[in-house]
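Novice: Below, each chain spelled out in residue letters.
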Amino acid sequence: MSAVMKPATAVTWTRICRVDEIPQLGARVVKSAHGNIAVFRNGEDEVFALLDKCPHKGGPLSQGIVFGRKVACPLHGWNIGLDDGAAVAPDHGCTRSFAVKLVDGAVFIGLN
Amino acid sequence: MKKLKLVLVGNGMAGVRALEELLKIAPDLYDITVFGAEPHANYNRILLSPVLAGEMTLKDIMLNDVDWYATNGITLHLNKKIAKIDRVARKVIAADGTEAPYDRLLLATGSNPFMLPVPGAKLDGVITYRDIQDTNAMIDSAARFKNAVVIGGGLLGLEAANGLKLRGMNVTVVHLMEWLMERQLDRSAAGMLQKTLEAKGLAFKLKTQTAEIVGSDDGGKAGRVTAVRFKDGAEVAADLVVMAVGIRPNTDLAEAAGLYCNRGIVVNDTMQTYDPRVYAVGECVAHRGLAYGLVAPLFDMAKVCANHLGNFGIGRYQGSTLSTKLKVTGVDLFSAGDFTGNPDTEEILFNDAIGGVYKKLLVKDNKLIGCVLYGDTVDGSWYFQMLRDKQDIHEIRDHLMFGQSHLGNAGHQGQNKAASMADTAEVCGCNGVCKGTIVKAIKEQGLFTLDDVRKQTKASSSCGSCTGLVEQILSSTVGGAYQPAEAKNKPMCACTEHTHEEVRKVLLEQKLKTIPAIMAFMEWITPNGCASCRPALNYYLLCAWPHEYTDDKQSRFINERAHANIQKDGTFSVIPRMWGGSTSSSELRRIADVVDKYKIPTVKVTGGQRIDLLGVKKEDLPGVWRDLDMPSGHAYAKALRTVKTCVGSEWCRFGVQDSTQMGIDLEKDLWRMYAPHKVKLAVSGCPRNCAESGIKDVGVIGVESGWEIYIAGNGGIKTEVAQFLCKLKTSAEVLEYAGAFLQLYREEARYLDRTVHYVARVGIDYVKQRIVDDAANRAALYARLRDAVSGEKDPWQERAAGTDAREFELLEA
Numbered sequence: 000m001s002a003v004m005k006p007a008t009a010v011t012w013t014r015i016c017r018v019d020e021i022p023q024l025g026a027r028v029v030k031s032a033h034g035n036i037a038v039f040r041n042g043e044d045e046v047f048a049l050l051d052k053c054p055h056k057g058g059p060l061s062q063g064i065v066f067g068r069k070v071a072c073p074l075h076g077w078n079i080g081l082d083d084g085a086a087v088a089p090d091h092g093c094t095r096s097f098a099v100k101l102v103d104g105a106v107f108i109g110l111n
Numbered sequence: 000m001k002k003l004k005l006v007l008v009g010n011g012m013a014g015v016r017a018l019e020e021l022l023k024i025a026p027d028l029y030d031i032t033v034f035g036a037e038p039h040a041n042y043n044r045i046l047l048s049p050v051l052a053g054e055m056t057l058k059d060i061m062l063n064d065v066d067w068y069a070t071n072g073i074t075l076h077l078n079k080k081i082a083k084i085d086r087v088a089r090k091v092i093a094a095d096g097t098e099a100p101y102d103r104l105l106l107a108t109g110s111n112p113f114m115l116p117v118p119g120a121k122l123d124g125v126i127t128y129r130d131i132q133d134t135n136a137m138i139d140s141a142a143r144f145k146n147a148v149v150i151g152g153g154l155l156g157l158e159a160a161n162g163l164k165l166r167g168m169n170v171t172v173v174h175l176m177e178w179l180m181e182r183q184l185d186r187s188a189a190g191m192l193q194k195t196l197e198a199k200g201l202a203f204k205l206k207t208q209t210a211e212i213v214g215s216d217d218g219g220k221a222g223r224v225t226a227v228r229f230k231d232g233a234e235v236a237a238d239l240v241v242m243a244v245g246i247r248p249n250t251d252l253a254e255a256a257g258l259y260c261n262r263g264i265v266v267n268d269t270m271q272t273y274d275p276r277v278y279a280v281g282e283c284v285a286h287r288g289l290a291y292g293l294v295a296p297l298f299d300m301a302k303v304c305a306n307h308l309g310n311f312g313i314g315r316y317q318g319s320t321l322s323t324k325l326k327v328t329g330v331d332l333f334s335a336g337d338f339t340g341n342p343d344t345e346e347i348l349f350n351d352a353i354g355g356v357y358k359k360l361l362v363k364d365n366k367l368i369g370c371v372l373y374g375d376t377v378d379g380s381w382y383f384q385m386l387r388d389k390q391d392i393h394e395i396r397d398h399l400m401f402g403q404s405h406l407g408n409a410g411h412q413g414q415n416k417a418a419s420m421a422d423t424a425e426v427c428g429c430n431g432v433c434k435g436t437i438v439k440a441i442k443e444q445g446l447f448t449l450d451d452v453r454k455q456t457k458a459s460s461s462c463g464s465c466t467g468l469v470e471q472i473l474s475s476t477v478g479g480a481y482q483p484a485e486a487k488n489k490p491m492c493a494c495t496e497h498t499h500e501e502v503r504k505v506l507l508e509q510k511l512k513t514i515p516a517i518m519a520f521m522e523w524i525t526p527n528g529c530a531s532c533r534p535a536l537n538y539y540l541l542c543a544w545p546h547e548y549t550d551d552k553q554s555r556f557i558n559e560r561a562h563a564n565i566q567k568d569g570t571f572s573v574i575p576r577m578w579g580g581s582t583s584s585s586e587l588r589r590i591a592d593v594v595d596k597y598k599i600p601t602v603k604v605t606g607g608q609r610i611d612l613l614g615v616k617k618e619d620l621p622g623v624w625r626d627l628d629m630p631s632g633h634a635y636a637k638a639l640r641t642v643k644t645c646v647g648s649e650w651c652r653f654g655v656q657d658s659t660q661m662g663i664d665l666e667k668d669l670w671r672m673y674a675p676h677k678v679k680l681a682v683s684g685c686p687r688n689c690a691e692s693g694i695k696d697v698g699v700i701g702v703e704s705g706w707e708i709y710i711a712g713n714g715g716i717k718t719e720v721a722q723f724l725c726k727l728k729t730s731a732e733v734l735e736y737a738g739a740f741l742q743l744y745r746e747e748a749r750y751l752d753r754t755v756h757y758v759a760r761v762g763i764d765y766v767k768q769r770i771v772d773d774a775a776n777r778a779a780l781y782a783r784l785r786d787a788v789s790g791e792k793d794p795w796q797e798r799a800a801g802t803d804a805r806e807f808e809l810l811e812a
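Heads up: the protein sequence lines correspond to chains A and B, in order. Here numbering that gives the first Met the number 0 is used: position 71 in the first sequence is 70, and no number is missing along the way. Here numbering that gives the first Met the number 0 is used: position 121 in the second sequence is 120, and no number is missing along the way.
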C-alpha cells in the first residue's frame with residue numbers, strides 16, 4: 000500500500016444547502032444516488048454526513064436526537080458516532096459516512 | 000502538569016473497584032501503582048464457592064487480568080507484600096525492598112480469617128477459607144482424603160461444606176450456636192436449611208465447642224490432623240479442617256504506620272483515615288464503628304472514595320443495609336435487615352414446612368425493616384429495595400407477603416422464577432435475550448449491576464417488564480454482591496449527578512427557563528445532554544413555565560417533532576382525534592379521500608376507538624393534515640391520547656349515565672395536555688364497564704347516583720387495576736377531579752413515569768389528601784392545568800398552514 004491514500008475515484012463536491020438551513024442539534028435528509036443521506040449539525044456547528052440508515056435495523060438516523068458528536072437512532076436508541084458512522088459500544092456496526100466541507104456558510108458533501 | 004501519584008495497597012475487589020470508578024471520572028489525574036500480596040490479578044472472591052463446588056474455574060472468576068492494568072497504565076506488583084508505610088517521606092516499602100512514593104495512598108488490605116486458638120490449630124490440614132490458595136488446598140484434599148470438618152456454620156462455612164461434599168468428602172459442620180447462620184436467619188428458616196443440607200449428605204453438630212484438633216505425632220514435629228475433639232469429649236475423624244469462624248480486619252500495616260484503628264482502620268464518610276492523604280476501603284475499614292464482610296458495601300465505599308480521589312468531592316458513604324444470599328445450588332435463601340424482632344416490631348409470617356417455603360417479614364412504623372425468605376426468594380430484591388428506601392408499606396400490607404405480582408408479566412411465558420428457567424428460555428421478549436446469554440455476560444464480564452447487564456446484553460432495556468427476572472438472575476449469579484439499583488436517589492442519566500426531583504426543584508427556584516440554563520447551572524457533564532435527559536428537561540420546562548417556555552423541537556423525540564408516529568420503515572402513522580370515539584360521515588369521507596390521494600397503504604382501527612393511517616411519507620404529512628381537517632390525536636406524544644367510551648344511556652338499555660358525552664367533555668377539556676408519559680382515559684356508562692375504565696390512567700364509571708373515579712390503572716406491560724379515588728355527582732366535578740389529578744401527576748412525576756408508577760411511589764392516600772380532601776388545592780391544580788392547556792395550539796393545524804415547513808422538506812443532491 001502506498002504511503003498516501005488516494006480515493007479510487009475523484010471526490011465530487013456537491014452543494015447541499017446553507018449551514019443555517021440545518022437546525023442546530025438536528026439534521027436534514029438529502030436524496031442522492033447513494034440513497035438518502037442524513038446531514039447533521041451539532042451544538043458546535045460542526046456538520047456531518049452519514050447514510051440515513053442505522054446499522055442495526057435501518058432506522059432513519061436523520062430523525063434521531065443529536066448530542067455531542069452522536070445521534071440516537073429513533074427506532075431502538077442505538078448511539079451512532081457522527082464522525083465515522085460507527086455504533087457506540089457495546090453495540091457493533093457501522094454506517095457509511097461522507098466527507099463534508101463548509102465554504103462560506105454553504106455545506107458540500109463529497110460523493111464519488 | 001505532572002501527575003499525582005496514587006498507590007493502592009491490596010489488589011482485591013474493593014481497591015480495584017475504587018480504581019475502576021476513579022478511571023471513569025478522572026482517567027488522567029494519577030500515576031497509579033498497585034501492590035498485591037497474592038500472585039493473581041484481581042478475581043471475584045465471592046465466586047470462590049462455585050469454584051470449590053466445581054461449577055466454575057479460576058478463569059471464570061477473573062475480574063481484571065494483568066492486561067487490564069497495562070491497558071490503563073497502572074504499574075502492578077504481584078506477590079509483593081507491603082511491609083511499611085513511611086508517612087513522613089510519603090512512600091510505601093515492600094518486604095522485598097521495592098519502594099513507591101505517593102501523593103495519595105489507598106489501603107484495601109482486606110481481612111484475615113480468624114483462627115480458633117485451640118491446641119492443634121497449626122497442624123497440617125487445618126486451613127481457613129479466604130482465597131484461591133485455600134480453595135485449591137481444599138480441592139486437593141478432597142482428591143486425597145475422606146473426612147472433612149468445617150468449623151463454623153455461617154455463610155462461608157456452609158458454602159465450603161457444600162463444595163467439599165460435592166467433591167466427595169464426608170463433611171461435618173460444627174457450630175457453636177443453636178442454629179445455622181444465626182446472624183442471617185431465624186431459627187425456623189435455619190431449621191429448614193439444615194434439613195435441606197442434611198438431605199444433601201452433610202452432618203451437623205450444633206451447640207458444640209471445639210476443644211482441640213488432634214493430629215498424628217510425627218516424631219515430635221506436628222503431623223497431619225486426624226480428628227477434632229469437642230468440649231464434651233466426643234471426637235470426629237478429620238483429614239481436613241476448615242475454620243470459617245469469622246474474619247478480622249487486617250489493620251497491621253495501618254497500625255504500624257500510626258493510623259488510628261479500632262476494630263478496623265477508622266475512616267470518615269469520605270473514606271479518609273486520620274491521615275487525610277491516606278484513604279481506606281473494604282473489609283479492613285471501620286466506618287461508624289462497623290466493619291463489613293460482604294461485597295456490596297465495599298462497592299459503595301469504592302464509589303465514594305473514587306469520587307473524592309477524583310477531586311469531585313461529592314458523595315458520602317453513610318453505611319449499608321445488608322442482604323445475604325447463600326450460594327449453594329438448590330438452596331434458595333435470602334435475608335436482609337433486622338429479622339429478630341422485638342416488642343415494637345410486627346411480624347408477617349408464611350410457613351409451609353412440607354412445601355419447604357418460609358417467609359418472614361418484619362415491619363415497624365409501617366416500614367419493612369427486615370426479611371427472611373427460604374425456598375422462594377423471588378421477591379428478595381423487591382423487599383430489599385423497600386427496606387432500603389424506607390418505603391411506607393401500609394397500603395400494600397395486605398398483599399405484601401405475596402410479592403410483586405407483575406414480575407414476569409408479559410413476554411416471557413409467564414415465568415417468574417429465574418432459577419427454574421432453562422438456559423435457553425427467553426427472558427427478554429423485546430430484545431430476544433435468553434437466560435444463558437445473561438449468565439454468561441455476568442460471569443465473563445464481571446457485571447454487578449442491573450444497568451451493566453442492560454448495557455451489555457440489552458435484557459430488560461426496552462419495555463422493562465423482565466427487570467425482576469434479570470435481577471433474580473443477577474443476584475443468583477453473583478450472590479450477595481448484587482444490590483438492586485437505588486430508585487430514590489438515581490441520577491437522571493449519565494450526564495448529571497442530579498435526580499429528576501432535584502432538577503425540577505432547582506429550575507423552579509432558580510427560575511431557569513431554557514435547557515442550556517439548566518445544564519450550566521446544574522453543571523451537566525456533557526455539552527448538550529443526551530437523548531434521555533433532553534426530552535425530560537424539555538418537558539419539565541414546558542410544565543413549569545407554560546406560555547413562557549419555547550418548546551425545543553430538537554430535544555423532542557422524532558414522533559413529537561414530526562407530530563406523527565415513526566414506523567419501522569421510516570414512514571409515519573397518522574391518527575386524527577375522534578372525540579370520545581365518535582365520528583361522522585363527513586369525517587369518514589375525508590379520511591377515505593386522503594387515503595386514496597396519498598396512496599396510504601394501511602388503514603386500521605386502533606384500540607382507542609380511532610382510525611390509524613399507516614405508511615405516510617414524512618413529506619406528505621402537512622398535506623394529509625390539511626386535507627383531513629381534523630384535530631391532532633396526539634397518538635404520537637407523551638400527552639392526552641384517547642378517552643374511550645361505551646355507548647351509555649343514550650342508546651344502551653343498561654346505561655345509567657351518558658358516558659359518550661362525558662368522554663367527549665373530558666377529551667375536549669384535556670386535549671393538548673403534554674404529560675410525563677401518555678395518558679389514557681375511559682368512561683363507562685354503567686358498572687358493566689364496557690369501556691374498560693379499570694385499566695386507565697383515569698377511569699370513570701357511571702352509577703345511578705353519579706360517577707365513580709378510578710386512577711392509575713394500566714393495561715400495558717404492567718397490567719394494573721386502577722384504584723378508587725372518590726365518587727362524584729356531576730359532570731363538572733368529574734372534569735375538575737380528573738384534571739386536578741392529572742396536573743398533580745404532571746407536576747410531580749418523573750418523565751416517562753406512567754400514573755401507575757407515580758401513584759405507586761407517592762401512595763393513593765397522598766393523592767386523596769391532595770385532590771379529594773383539599774378543595775382549595777384541587778381548584779388551584781385544575782386552574783393551572785386549564786391555563787397550561789389554553790396556551791397550546793393544535794400542532795397539525797399550525798403545520799398544515801406552513802409552520803416548521805423545513806422539518807418535512809427533503810433536499811436534493
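Be careful, since some hints might not be right.
[Stated by the list, open to error] Calculated lysine to aspartate or glutamate pairs in the EDC-like style (CA-CA distance at most 16 Å, straight line):
#, chain 1, residue 1, chain 2, residue 2
1, B, K80, B, E54
2, A, K30, B, E618
3, B, K728, B, E703
4, B, K194, B, E19
5, B, K552, A, D90
6, B, K792, B, E547
7, A, K30, B, E346
8, B, K457, A, E20
9, B, K206, B, E234
10, B, K363, B, D351
11, A, K30, B, E791
12, A, K56, B, E19
13, B, K302, B, E547
14, B, K489, B, E443
15, A, K30, B, E811
16, B, K667, B, E791
17, B, K454, A, D90
18, B, K366, B, D351
19, B, K366, B, E394
If you are wondering where the hints come from, they were derived from the structure by calculation, not from laboratory data.
Novice: Taking the hints in turn, state whether each one holds.
Specialist: Each hint, compared with the structure:
1. B:K80 to B:E54: Distance ~31 Å between K80 (chain B) and E54 (chain B) Cα, so the pair is violated.
2. A:K30 to B:E618: Cα-Cα ~12 Å, so holds.
3. B:K728 to B:E703: holds (10 Å)
4. B:K194 to B:E19: violated (42 Å)
5. B:K552 to A:D90: Roughly 27 Å separates the two Cα atoms, so the pair is violated.
6. B:K792 to B:E547: holds (14 Å)
7. A:K30 to B:E346: violated (69 Å)
8. B:K457 to A:E20: Judged against 16 Å, a Cα distance of about 37 Å means the pair is violated.
9. B:K206 to B:E234: holds (15 Å)
10. B:K363 to B:D351: Outside the cut-off at roughly 24 Å; violated.
11. A:K30 to B:E791: violated (34 Å)
12. A:K56 to B:E19: Violated, at about 33 Å.
13. B:K302 to B:E547: violated (40 Å)
14. B:K489 to B:E443: Distance of about 27 Å is beyond 16 Å: violated.
15. A:K30 to B:E811: Holds - the C-alpha atoms of E811 (chain B) and K30 (chain A) are around 5 Å apart, at most 16 Å.
16. B:K667 to B:E791: The hint holds at about 13 Å.
17. B:K454 to A:D90: holds (9 Å)
18. B:K366 to B:D351: violated (25 Å)
19. B:K366 to B:E394: Distance of about 11 Å is within 16 Å: holds.
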